[in-house]
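Student: Protein chains in written order, with the numbering used here: chain A, 1 to 356; chain B, 1 to 356.
None of these hints come from the bench; they were simulated from the model. Given the structure is predicted, the values throughout are model-derived calculations rather than measurements. Be a bit skeptical, because a hint or two may be false.
The list that follows gives simulated cross-link-like pairs (lysine to any residue, SDA-like), each with its CA atoms no further than 25 angstroms apart [as the list claims (entries may be wrong)]:
(1) B:K153 / A:S206
(2) B:K66 / B:F3
(3) B:K66 / A:G207
(4) A:K209 / B:G225
(5) B:K156 / B:P343
(6) B:K48 / A:L107
Just so you have them, the derived chain A footprint on chain B, three or more residues with Cβ under 8 angstroms [as the list claims (entries may be wrong)]:
(7) 58-72
(8) 159-172
(9) 177-183
(10) 199-213
Using N, Cα and C, we set each Cβ at its ideal position, and we do this for glycine too.
2 protein chains.
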Amino acid sequence: MNFNGIKEILSRKKSDFAVFYNSDSSKSNANMLYFSGYSGLGATIIPKNKPSFLVAPQMEFYRAKKSAIKKVYSMEKKKFFESIREIAKKNRLKAGSIAIDKSSVTLNAYRHLKKQFGSSRFKDVSFECLKLREIKSEKEIKFLKKSCAYADKILKKAIKNFKSFKTESEAAAFLEYEAKKIGLGLSFDPIVASGSNASMPHHKPSGEKIKKGFCVMDFGVKCKGYCSDITRTIYVGKPNEKEKKIYDFLLKIQKGAINEIDNNKKCSEIYKFVNKQLGKYKGYFTHGLGHGVGVEIHELPNLTLNSKDRISNNMVFTIEPGVYMPKKLGMRIEDTVLFKDKPIILTKTSKDLLIV
Amino acid sequence: MNFNGIKEILSRKKSDFAVFYNSDSSKSNANMLYFSGYSGLGATIIPKNKPSFLVAPQMEFYRAKKSAIKKVYSMEKKKFFESIREIAKKNRLKAGSIAIDKSSVTLNAYRHLKKQFGSSRFKDVSFECLKLREIKSEKEIKFLKKSCAYADKILKKAIKNFKSFKTESEAAAFLEYEAKKIGLGLSFDPIVASGSNASMPHHKPSGEKIKKGFCVMDFGVKCKGYCSDITRTIYVGKPNEKEKKIYDFLLKIQKGAINEIDNNKKCSEIYKFVNKQLGKYKGYFTHGLGHGVGVEIHELPNLTLNSKDRISNNMVFTIEPGVYMPKKLGMRIEDTVLFKDKPIILTKTSKDLLIV
């Protein structure tokens with residue numbers, strides 16, 4: 001998307017072109033997707049002073065043709081990096097310095113790259129790309145809002161139908177089905193964690209029967225490549241007064257954290273605010289407070305204790321405090337939030353404790 | 001799983017221990033999964049002469065405890081590689097030579113590893129692990145058979161219900177839902193490609209209405225971590241004689257290819273056999289003939305023109321010839337096959353052209 005941004009990075013890094021690629025059909029590359037809209041096998045090449053182009057294996061050629069980049073070359077998959085070099089040469093690209101994402105290039109891939117571009121220097125632009133992607137364009141915000149609206153709609157439907165699910169897997173499969181049947185992707189595998197399973201923040205839904213107690217549902221879809229992320233904790237059965245009190249306590253903290261968000265504020269400060277508010281429950285909060293959301297589900301900014309990030313306009317990120325008591329219970333309340341002069345909550349499903 | 005195998009590799013490579021890790025919660029690491037049964041965030045450490053252990057962030061600790069490795073340490077996620085070093089030190093592991101998978105370790109991760117284990121040599125065991133995983137144990141074969149049986153059952157159900165699907169996305173979502181609701185994973189995102197979309201082997205199902213003509217359905221589940229892979233091509237509407245003829249021609253070739261499989265046979269020979277049989281359609285077959293299947297959907301052996309692999313007992317792989325005429329039509333017929341003295345087809349859904 002942001003071609004000006006990457007061209008500026010190339011200029012700053014004194015690189016002739018950037019190459020982002022995906023050589024594994026079961027994976028995708030966030031930067032290739034971000035800059036080209038294409039997520040299949042192949043490579044996106046972005047020269048400093050020339051139009052960008054895509055290189056894709058023959059079997060993906062027509063899919064690549066549908067992307068935002070109109071110049072597409074066919075490559076031999078077995079000669080992945082050799083093809084990239086040949087096509088770069090054909091386009092008369094200088095290759096004195098090549099920008100790559102060293103957080104996604106593996107050691108073996110690097111060996112192949114060096115074999116093809118032996119005399120080139122390789123500059124890491126992983127952090128620069130993350131920083132670029134941290135600030136969303138209006139178009140991206142439109143997609144992110146849409147993605148959150150879909151996540152809301154589907155999560156509400158699942159909660160409404162919750163009594164019909166016998167197992168966590170059934171509830172998780174329902175969330176996924178509702179997304180996939182209308183052509184949406186998933187930000188991540190949905191989490192449905194009931195009873196003591198809820199004490200594991202990344203519990204994998206199982207075929208066990210849904211247990212009584214708090215049930216954490218963490219879900220997000222991908223719309224036009226952009227993620228959403230929402231968690232609601234419902235209660236299966238009848239909560240006692242103490243349980244209701246902990247939930248309301250956490251909810252108050254989640255809302256308070258959103259109120260703390262302000263322009264130029266240190267993300268670590270918001271994390272510290274939550275930790276302080278949690279008081280004696282502090283030790284039961286075992287993950288970060290939030291993360292940026294974009295073409296990847298985990299982007300900048302980081303809302304953690306040691307984060308160096310600061311809030312600024314057009315950032316989109318989660319606020320997701322939780323309380324996890326090992327082998328007992330767990331709860332998490334999460335919204336995706338846009339900052340634009342003030343925090344704007346994009347996920348709108350009610351946060352009052354819902355009893356099913 | 002195969003601890004003897006990896007210990008033998010460590011001994012051969014003169015390495016003190018192997019480390020396989022996953023530092024991204026949205027991904028998983030095939031070797032960590034293979035050796036520990038754990039697929040979350042963290043690291044598996046396999047010493048040459050001591051019992052293995054897992055290192056997982058606090059939030060994943062109880063999930064890791066459920067894996068095949070009983071010794072689990074908690075780590076600080078922010079100090080991923082530092083924690084690994086500390087725990088290795090605690091276990092008094094020598095670290096003169098460390099075995100890693102250079103096809104999954106990124107350049108940035110390697111920088112962190114070197115910072116922690118500055119005086120160690122790093123040996124690549126990516127190929128050795130792939131070769132180890134190429135030959136399946138009886139237990140793995142049991143899981144693979146089960147996985148194929150589930151894929152068959154679900155695919156048949158989808159074909160039976162096919163008339164109720166308006167769009168490709170609906171059909172793909174149905175396949176996924178049926179898997180997920182019983183707690184299975186997916187080998188890959190299901191492909192449902194109708195009309196001219198079928199000419200793109202890796203087409204992403206869209207919200208468009210299902211078109212008349214051949215419709216390719218490529219699907220597989222994960223059962224106990226093990227993949228299955230099956231493709232059937234059905235016909236929406238009424239095929240003409242020419243279309244029926246091409247399909248039957250391809251089916252004959254697919255069956256012929258399975259018959260060609262024999263002990264010690266070069267995989268490239270089976271590929272060449274298919275290419276020869278395809279005659280004038282050769283140019284319309286744009287991908288490999290097959291690939292190994294295990295904890296990953298693409299493993300060894302490779303059944304391609306330039307493959308050096310040979311068939312041997314306890315290999316499990318696909319046979320999937322296809323014909324793709326750009327912008328016109330596409331078809332592919334794929335089975336997952338076990339070789340054990342003879343080829344044994346694990347995916348049993350009928351291959352006769354089904355008209356819906």
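Student: Hints first: check each against the structure and report whether it holds.
Tutor: Right, here's what the structure says about each hint:
1. With a C-alpha separation of about 20 angstroms, the suggested pair B:K153 and A:S206 falls inside the 25 angstroms cut-off, and the hint holds.
2. With a CA separation close to 18 angstroms, the supplied pair B:K66 and B:F3 stays within the 25 angstroms bound.
3. For the proposed pair B:K66 and A:G207, the alpha carbon gap of about 15 angstroms is at most 25 angstroms, so the pair holds.
4. Restraint check for A:K209 and B:G225: satisfied, since their Cα atoms lie roughly 21 angstroms apart, inside the 25 angstroms limit.
5. This hinted pair checks out: B:K156 and B:P343 have alpha carbons roughly 23 angstroms apart, not beyond 25 angstroms.
6. Between B:K48 and A:L107, the direct Cα distance comes to roughly 23 angstroms. Compliance with the 25 angstroms bound is thereby established for this hinted pair.
7. Look at the segment 58-72 of chain B against chain A: 5 of its residues bring a Cβ nearer than 8 angstroms to a Cβ of that chain, three or more, so the hint holds.
8. Given a C-beta distance limit of less than 8 angstroms, the hint that chain A covers the segment 159-172 of chain B holds, as 4 residues qualify and 3 suffice.
9. Remark: the segment 177-183 of chain B is confirmed as covered by chain A, as 6 of its residues place a Cβ nearer than 8 angstroms to a Cβ of that chain, reaching the required three.
10. Using a Cβ-Cβ cut-off of 8 angstroms, 9 residues of the segment 199-213 of chain B lie near chain A, which meets the minimum of three, so the contact claim holds.
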